[in-house]
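Asks: With the first letter of the sequence shown counted as 1, position 100 gets the number 100 in our numbering; the numbers rise by one all the way through.
Hints listed in this document are in silico derivations from the structure and should not be mistaken for laboratory results. Heads up, none of these hints are tricks.
Restricting the straight-line Cα-Cα distance to at most 25 Å, the calculated cross-link-like pairs of lysine to any residue (SDA-like) are:
no.	residue 1	residue 2
1	Lys2	Glu22
2	Lys7	Ser100
3	Lys7	Ala29
4	Lys7	Arg71
5	Lys74	Tyr106
6	Lys2	His76
7	Lys7	Gly24
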Amino acid sequence: MKLFSVKTGEELIETLTRRAAEEGIVNGAIVSLIGAVDSCAISNMPAGDASTDVISEYWQPFELSGTGEIRDGKVHVHVVLGREGDVALAGHLHWARVESFFVHAYTIGLTEE
Numbered sequence: 001m002k003l004f005s006v007k008t009g010e011e012l013i014e015t016l017t018r019r020a021a022e023e024g025i026v027n028g029a030i031v032s033l034i035g036a037v038d039s040c041a042i043s044n045m046p047a048g049d050a051s052t053d054v055i056s057e058y059w060q061p062f063e064l065s066g067t068g069e070i071r072d073g074k075v076h077v078h079v080v081l082g083r084e085g086d087v088a089l090a091g092h093l094h095w096a097r098v099e100s101f102f103v104h105a106y107t108i109g110l111t112e113e
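Hey, can you work out the whole structure from these sequences and the hints?
Replies: Shown next, in the form of structure tokens:
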């Protein structure tokens, strides 16, 4: 298992993609994500059309947890985000900026048989 740390001033998806490539992980599981971000974009499917995404951007701090995968070098992450007022949001993560905190991603490379 590899620990990928996303540090202050970094974008989460870009950093995980770069670190996976550096470690030679083309396919893998992001077993756990934990940390906090300062802004992000997530998407969910509208009730009437599962083939589309509605992307929402947020410009405030969130606690973050999640899981994901790396397929053919591409990072795919789903998250649960907690914000002020004890409100939780969830969805597919498109991007997230880490400015004040950190995110740790516990990752395992996989080999296909």
